[in-house]
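Using the sequences plus the hints, can you model the full thing?
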Amino acid sequence: MQYKKLTICLALAFAPSAFSAEPETMPQVEVNAAKLESLPAPATTGLDAGALEQKRVYTSDTAKLLDGQPGVSLYGAGGVSSLPVIHGMADDRIRTKVDGMDLISACANHMNPPLSYIDPANVGTVQLLAGITPVSLGGDSIAGTIQIDSVATEFATEGGQLLKGEAGMFYRSNNAAQGGNLSATVASDTLSVRYSGATVKAKNYTAANAFKPGATIVGSLTNKYVAGDEVGSSSYQSENHQLAFGLRHDNHLVELKLGLQNIPYQGFPNQRMDMTGNDSQQVNLRYKGEYDWGALEARAYNEHTQHSMNFMEDKTYWYGMMLNVAGMPMDTNGRNTGATLKADVVLSDRDLLRVGAEYQSYRLSDWWAPVANSKMMSPNTFWNINNGQRDRAAVFGEWEARWNPQWMSQLGLRSESVKMNTGTVQGYGMDYNPAASSFNALSRQRSDNNLDMTALMRFTPSDKATYEAGYAMKNRSPNLYERFAWSNTNTMVMNMNNWYGDGNGYVGNINLKPETAHTLSATADWHDVSSDEWQLKLSPYYTRVQNYIDAVTCTSVGIVCPARTDGFLNLTLNNQTARIYGADLSGNVMLSRGSDYGDFKFSGKLSYANGKNLTSGDNLYNIMPLNAMLAIEQHTGSWTNMLAIKLVDAKTKVQAVRKELPTSGYGLLNLYSSYEWQQVRFDFGVENLMNKFYVDPLGGAYLGQGATMGAGVLYGTGVPGMGRSINAGISVKF
0 MQYKKLTICL ALAFAPSAFS AEPETMPQVE VNAAKLESLP APATTGLDAG
50 ALEQKRVYTS DTAKLLDGQP GVSLYGAGGV SSLPVIHGMA DDRIRTKVDG
100 MDLISACANH MNPPLSYIDP ANVGTVQLLA GITPVSLGGD SIAGTIQIDS
150 VATEFATEGG QLLKGEAGMF YRSNNAAQGG NLSATVASDT LSVRYSGATV
200 KAKNYTAANA FKPGATIVGS LTNKYVAGDE VGSSSYQSEN HQLAFGLRHD
250 NHLVELKLGL QNIPYQGFPN QRMDMTGNDS QQVNLRYKGE YDWGALEARA
300 YNEHTQHSMN FMEDKTYWYG MMLNVAGMPM DTNGRNTGAT LKADVVLSDR
350 DLLRVGAEYQ SYRLSDWWAP VANSKMMSPN TFWNINNGQR DRAAVFGEWE
400 ARWNPQWMSQ LGLRSESVKM NTGTVQGYGM DYNPAASSFN ALSRQRSDNN
450 LDMTALMRFT PSDKATYEAG YAMKNRSPNL YERFAWSNTN TMVMNMNNWY
500 GDGNGYVGNI NLKPETAHTL SATADWHDVS SDEWQLKLSP YYTRVQNYID
550 AVTCTSVGIV CPARTDGFLN LTLNNQTARI YGADLSGNVM LSRGSDYGDF
600 KFSGKLSYAN GKNLTSGDNL YNIMPLNAML AIEQHTGSWT NMLAIKLVDA
650 KTKVQAVRKE LPTSGYGLLN LYSSYEWQQV RFDFGVENLM NKFYVDPLGG
700 AYLGQGATMG AGVLYGTGVP GMGRSINAGI SVKF
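581 is the number that numbering that gives the first Met the number 0 gives to position 582 of the sequence shown; each next residue is one higher, with no gaps.
Since the hints were derived computationally from the structure, they do not count as laboratory data. Just so it is clear, the structure is predicted and the values come from calculations on it, not from any experiment. Treat the hints with care, since some could be wrong.
[Claimed, not checked] Here are the simulated lysine-lysine pairs, DSBU-like style, with alpha carbons at most 30 Å apart:
id: 1; residue 1: K732; residue 2: K200
id: 2; residue 1: K691; residue 2: K63
id: 3; residue 1: K463; residue 2: K536
id: 4; residue 1: K658; residue 2: K512
id: 5; residue 1: K691; residue 2: K652
id: 6; residue 1: K163; residue 2: K287
id: 7; residue 1: K645; residue 2: K96
id: 8; residue 1: K223; residue 2: K374
id: 9; residue 1: K691; residue 2: K600
id: 10; residue 1: K63; residue 2: K202
id: 11; residue 1: K611; residue 2: K645
id: 12; residue 1: K691; residue 2: K223
id: 13; residue 1: K211; residue 2: K652
id: 14; residue 1: K600; residue 2: K732
id: 15; residue 1: K611; residue 2: K512
id: 16; residue 1: K658; residue 2: K645
id: 17; residue 1: K600; residue 2: K536
id: 18; residue 1: K63; residue 2: K600
id: 19; residue 1: K691; residue 2: K200
id: 20; residue 1: K63; residue 2: K96
id: 21; residue 1: K645; residue 2: K211
id: 22; residue 1: K536; residue 2: K645
id: 23; residue 1: K611; residue 2: K658
Structure follows, in structure tokens:
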């Protein structure tokens, strides 16, 4: 039904009336204080409108909009749930804000990370802070900050009316992904209403070659046959809607955004379970205003997630001698409420003071209903996390001084309190009682008082160069699963607590301390006067993390975990010392302008990271090997064409304690093309043009098919990347 509705909307968009008159160009109006805006830091990157338009056609995973940015890589996961990595650190180590909301993954396998709650079609701006993150944008994170905002509120000119919209649809051949998006704005000069919606549905994708034997999955929901080149459990379906209201008066703006998400299913090739439902409701209220003394911003939000896991058709659903044990239902309920208040106070022509306060209250319950005919999973409900609580309160102050046109400094201090607790737990049956009783007897309340500091200096000797250097001390408290996942009774339960995608089983450690990262970073940015002809940017960094939370053997912390014979391990977590260093190099140059074949531009980026656990001497997990991206872009008239190559070195530095898999190096060739005609845009491209087989260095262990709860998993197989895919899309603005 939803596709029929979308087809009708697209038909209306193409109707002659849609082009009967040239639409009046209405300026986009945002309330801001231009005189208070900081100069963009060289370590800050983002995507312009053109790059966003191109990338939306090729992915339904918002995290992949960041692919190709210096210092960023992606953990493999579900089709709309990749996890960004900044300088070798991912997931909760990154502060991720979606429309100003600090969203949290409500899942023991982190299947619903923050960026999965917004569709790429609704993304208006992308900002990545990978260097020294100001305390006003950091907090409870040590790697950096990602800010994704939906399309900005638009108003009509004074006394006028604004009516505009956009509809689009796409198809990707490899996994037969198809979907579309629709947005519409109705506004006066004081009131604005905008709707945006997007939907996508995709089958399993295929690798370039067979990487395992083809097999019929006996005991699955459909006894499905999974071919040798088919990546099992990689299908997905997702639907997102947002209704945004804006009210403007003079220098004041009030916005209310209401969001709904429904993911009926999403397979995970590197997890033993699949997502069988994810529903989210969001309410987000924001005020922003300008005053004689500066600017004030306030926000309050609430997000509620209902999440469920079980086995989809590629994984065994019926277990037992008579195949009479049906699945393993797992449910999660997460509630996230937050508020922020921030003020930019102009102290003088030189000095700007940024002060603020934040509060976040998070509640999580994770329970597994008993399963009929299963002695192992009955008669009780298993409580993995029972009313887990994680509350943050923070205040910060940031002083920015422009000493002269060449020198600028920024000093920041942030004090944050993180309080965590959880209720009593229970297992399926008596076998779990010793571990549950031991956990329940503990004083489970934990309080962390974290102090963040940043110091940054920027030097602009000319209009052709900018240099930046700084130091940051950042802290992150453990998440609820790291501290409170309690059961080390059997392998099945430990397998369910895995947010790493490595196939191992985990139990938490209630005695974990917050991570503290000390980072030194510098950036040199050379460019022509207008930054239109050429640019070269180099950013080296060094981070040392005290109390780094890493995987360790159970015996090293004095607990006993079940032994395994399937090639995987049962592990726990502990605080250790780690260091990460590396550098990002990026640049572009205009090769020619105004030739018979149009304008030609070359761009590229090179990233290197090296991570080491200084306590154990082991390598850190999921560190992306040396990688580069090179592209030549041609623009002539309404045509834009790009030929891009991605090069990734072999992954040989792997983490022994997790039995991380090495991968071979590879190169991928991608072709992109777009054509714009009036209000219509056509996109066409071929990714992995040469159909190159490769294994994703951050893709984890392949668990995409078969009896993932037993010993039948193909141990030692990594998740391969997608083979050749021919992609096409069309969008219409009206």
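Here's how the hints hold up against the structure:
In summary, the hint linking K732 to K200 is supported, as the alpha carbons are separated by about 23 Å, within the 30 Å threshold. Distance hint between K691 and K63 is fulfilled; the C-alpha atoms sit about 20 Å from each other, no more than 30 Å. With a CA separation close to 12 Å, the supplied pair K463 and K536 stays within the 30 Å bound. Under the criterion of a C-alpha separation no larger than 30 Å, the hint pairing K658 with K512 is consistent with the structure, at around 25 Å.
Between K691 and K652 the CA atoms are separated by roughly 23 Å; this keeps the pair inside 30 Å, and the hint holds. This hinted pair checks out: K163 and K287 have alpha carbons roughly 24 Å apart, not beyond 30 Å. About 28 Å separates the Cα atoms of K645 and K96, which keeps this hinted pair within 30 Å; it holds. With a CA separation close to 27 Å, the supplied pair K223 and K374 stays within the 30 Å bound.
Between K691 and K600, the direct Cα distance comes to roughly 26 Å. Compliance with the 30 Å bound is thereby established for this hinted pair. Proposed proximity of K63 and K202 is supported: the alpha carbons are some 19 Å apart, at most 30 Å. Proposed proximity of K611 and K645 is supported: the alpha carbons are some 26 Å apart, at most 30 Å. Between K691 and K223 the CA atoms are separated by roughly 27 Å; this keeps the pair inside 30 Å, and the hint holds.
Taking the CA atoms of K211 and K652, the gap is near 25 Å; set against the 30 Å cutoff, the hint holds. For the proposed pair K600 and K732, the alpha carbon gap of about 28 Å is at most 30 Å, so the pair holds. For the suggested pair K611 and K512, the alpha carbons sit about 19 Å apart, so the restraint of at most 30 Å is met. The suggested pairing of K658 with K645 holds, with an alpha-carbon distance near 27 Å, which does not exceed 30 Å.
Proximity of K600 to K536 is assessed by CA-CA distance (about 16 Å); at most 30 Å being required, the pair is judged to hold. Among the hinted pairs, K63 with K600 is consistent with the structure: their alpha-carbon atoms are about 23 Å apart, no more than 30 Å. Only pairs whose Cα atoms come within 30 Å are accepted, and K691 paired with K200 is accepted, the gap being roughly 25 Å. Of the supplied pair hints, the one linking K63 and K96 holds, its CA atoms being roughly 16 Å apart against a limit of 30 Å.
Taken as a hint, the K645 and K211 pair is honoured in the structure, with Cα atoms around 25 Å apart against an allowance of 30 Å. The hinted pair formed by K536 and K645 meets the criterion: a straight-line CA distance of about 19 Å does not exceed 30 Å. Proximity of K611 to K658 is assessed by CA-CA distance (about 15 Å); at most 30 Å being required, the pair is judged to hold.
In the structure shown, no violation is registered for any of the earlier numbered hints.
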